[in-house]
Structures are given as C-alpha cells and as structure tokens.
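Enquirer: Below, each chain spelled out in residue letters.
Number of protein chains: 2
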Amino acid sequence: MTRRTFHRESEAVRQNDLIAATLDSVAELGLAGATVREVAFRAGVTPGLIRRYFDNKERLVASAYRTFISDLIAAAEAGCGEGSAQTRLAGLIRASVTAPVADGRTLSIWAAFIGTVHSDPAMAEVHSEGYQAFRDLVERLIAEVFAERGRPASPQEIHQHAIVLNALLDGLWIEISMGGDDFSRLNVVQIALNSTATLLGIDPADFKD
Amino acid sequence: MTRRTFHRESEAVRQNDLIAATLDSVAELGLAGATVREVAFRAGVTPGLIRRYFDNKERLVASAYRTFISDLIAAAEAGCGEGSAQTRLAGLIRASVTAPVADGRTLSIWAAFIGTVHSDPAMAEVHSEGYQAFRDLVERLIAEVFAERGRPASPQEIHQHAIVLNALLDGLWIEISMGGDDFSRLNVVQIALNSTATLLGIDPADFKD
DNA sequence: GCGGTAATTAATCAAGTGTATAATTTCACA
DNA sequence: TGTGAAATTATACACTTGATTAATTACCGC
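Those sequence lines, one after another, are chains A and B.
Read left to right, the first sequence gives residues 1170 to 1378 (the numbering used here).
Read left to right, the second sequence gives residues 1170 to 1378 (the numbering used here).
Rather than coming from a laboratory, the hints here were simulated on the basis of the structure.
Since this is a predicted model, take the numbers as computed values, not measurements.
Heads up, some of the hints might be wrong.
What the hints assert, rightly or not - Distance ranges between label pairs, derived from CB positions: (1) S1297/B / K1377/A: 31 to 39 Å; (2) D1305/B / P1269/A: 47 to 55 Å; (3) D1240/A / A1244/B: 33 to 41 Å; (4) P1321/A / F1210/B: 31 to 39 Å; (5) R1228/B / N1356/A: 53 to 61 Å; (6) Q1359/B / G1273/A: 32 to 40 Å.
No residue lacks a Cβ here, since even glycine has one placed at the ideal position from N, Cα and C.
Use the sequences and the hints to build the structure in full.
Expert: Right, dumping it as structure tokens:
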C-alpha cells in the first residue's frame, strides 16, 4: 500500500487554499460543517497539515473571517472608483446592493461568522475592525458629498447621516442577498440610490452614478 | 450513592424551560455551546430527559428558534398599540430600536440562529415565516398611513417603501443592538422616526408617536 | 545525481457529542 | 396508605471532533 502523492506548496499558497476551503465549507455546510477534515478534504490535503499553517482551528477560522471581511470591504470600496464624491458614493451604494457583495453565498458566510462574534473575543475583534472600516468610509464619503455641494453640515449631522445610511445599506444588503423577495424584477440599484438621496436631502433626480 | 431528587412537571412547563435554557446557552456560549448537556444543566434536568420532550436536538433548537422569533415579533407588534396608523407605525419603529427588541442578547441569539438558515431547511422555514410576518406588518402599516393622509400610492410604491423601511429598521436594529457606537448619547428613536418620515416623504415634524 | 531538510501523510488519542435504554423515583389515584 | 404508570435519572455506546506524533516523501542546493 502506497501513500498518496503530494506536492509541496509555498506557505502563502497553502494558507490561501486552506482559507478558501474553510470559506467554502462554511458557505455550504455552515460553521458546524467546517471541520478540520472537511476543510482539509476541500483543500486537497490531509487534516494534520492544517496545524502546520495554523496553530489551531480557532486561528484558521479567525483568519478565514478576516480575509472574508477584508475582501468584502475591498469589493465594496472598488465600486467607488474615482471622480466626484457623489459619483464615488453612488458607486459604493451600487456595489453594496449588487453581486458579488450582495449575494447569497456572501450572506451565508457572513451570517455564520456573525453568530460567533458575541461569544468569541478573537472573532469580535475581526468584526469590529471591518465594521469600523466600512462605517468610516461611508461617513467620509457623506462629508465629501456635502462639501462638494457647498452644503454646511456639523460633524454631528454627518455622523447621524452615516449611521442611518449605513443601516440602510446593511439592511438592503441583507434583504437582497437573502433573496426572499423577487428582486429580479426590481431595480435595486435605483431604489438604493433614490432612498440614499432622499435620506441625505438631495434631489434623487440629481443623484446618479 | 443515592440518586438526585427531582419533581415532575407538566409537558408545557418542561418544554418551556428547555427552550429557555437553550436560548440562554445560545446567547452566552453561541450555538456550538448549546449542547444537550449544557441545556439540560441550565434547565436543572438530566440530558436524557430532553429526548422525552423533543425528538432530537435539531427539533429542540428549531423550537427554540421559533419561540424566539415569535416573541421578538410579538414584542415589536406590541409597540404598535392602538390609534391612528401613523401612531402605530411610529410605535413599531420605537419598539424596533429600543429594548427589549434592540438589545445585545437578542442580537446574539438572532445572529447565532441566522447562520444556520442557509444550510438547514427546518431553520430556513422558521426564518422565512418570521421575516414574512414582519415585512407584511410594515407594508400594511405604510399603506394605512398613506390612506390616512389621503395620499394615493400604487401597490408597487407601497411595496418599495416597505422594502426600504424594512431594510432601514433591520439595519438600525443591528447597529443599535451591536452597541459598537455610542448610542447612549444619541436619541435613536428620534433618528429612526425622522429617517422613516423622510423616506416616506412625510414632514418629520409631523411624524411623532 | 544525491543527500538532507522540511513538508506532508497516516495513524492514533483523548475528549466531547447526540442518542439509546434500563433502572429508579415520583405522584395521581384507588 | 399502597400501587401502578409515567417521568426522570444514570449509565453506556457509537461516533465525530481537534489535536498529536512518527513515518514517509518531495524537492532544493550542492
């Protein structure tokens, strides 16, 4: 009986593969299904190998969460593109309510992880960082949009607008990703842009990307 | 060595206790911490007893989820009270962004459960029912508010407003319950009411509860 | 080509899980 | 006050989990 053949990989590649396999497992089977054996199998590797690249399973999962959140925010941020503040804000909104950010698989992973935040300090930290990053991005963009329109606004006002807009985007993202409604017949981007404009006190007709 | 003493309870009481113990476990330890032994311990009972009242652990968890969602919606609905449609909508909003609906423990439980929805059909059904119920409630109230104000609106318009308002409430609920921000210094009810009014095209000064 | 090193596998372990069942105890009812 | 039936406990089982370690294998540098 011969052993299975294998080939060596760089640390970066292996870590990447293992994280990807973890996210796949979580997406399809939930967090409980992301066992060491399942992850190893999906990564085309043996369970024992995981511990060469991650101290323990907890670290692996936390790393996967970190990568996931980081990629998610990067994808949203990429929608900003360049141009006027208004254009960038509109781009962020569009990106937030369309694939790949707004997507069933993405939501599944997010949901699985979010449930651990309260009882796991390591996960809480990862969550907190990502959340802050997105919220700051939204707040900054709002401030820029107001400045661009020569509209005076106190930091408090901007902060409150950021809270509300952030909530709206989160909620829409969840609703759309969940897919409970028939959003295929609806122009979700238009709805998101219009509501945003309304909330910020901008004429919707004047707020496009 | 003598056995521990015990006393018999009605089926209703025992089921209730076990479900409460399950929710407590989930809230404090996450879904993974809600083991049969932990739940039994918190219910002051022996693990084996669980299976006399629930076919298996899956059923127990699903039942806990069902009561949780049901109670949550009931709490929100209770905020509606009676009076004009506008008053009731305002009441629903107030209830949605204040305790006990908006609350860390509530969010923890919700988050833990929501992560299972995608990979567990039974949980998906429970979720779907609750989600529908809340969404319909919001949509109905919006329709009544518009009717009350003598403002014509097509079903599509109402539907879209419901989507947006529901998203806003979900998002605010999460943000507030998460407690990342310093909401203690903020009048979250006022913020929620004002944004709702703005979204629905109502003068915020004219929308109070 | 070849040897040494480090990556990878294979096999195993202890702990914890949900479940099943027989032995006990409580309590309603005679 | 006994007694039978039902609720509850205690114990055990089969299985899965994350972790550990020794044996093997690939491959880099000479």
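Enquirer: A range of 31 to 39 Å was offered for this pair. Does it hold for the Cβ distance of S1297/B and K1377/A?
Expert: Holds, at about 34 Å.
Enquirer: Using the C-beta atoms of D1305/B and P1269/A, is the stated range 47 to 55 Å upheld?
Expert: violated (30 Å)
Enquirer: Starting from the range 32 to 40 Å, see whether the pair Q1359/B and G1273/A falls in it by beta-carbon distance.
Expert: holds (35 Å)
Enquirer: Between D1240/A and A1244/B, does the C-beta distance stay in 33 to 41 Å?
Expert: holds (36 Å)
Enquirer: Is 31 to 39 Å right for how far apart the beta carbons of P1321/A and F1210/B are?
Expert: Violated, at about 59 Å.
Enquirer: Does the Cβ distance between R1228/B and N1356/A fall inside 53 to 61 Å?
Expert: Violated: the Cβ-Cβ distance is about 42 Å, outside 53 to 61 Å.
In terms of the numbered hints stated before, the structure departs from hints 2, 4 and 5, listed from lowest to highest.
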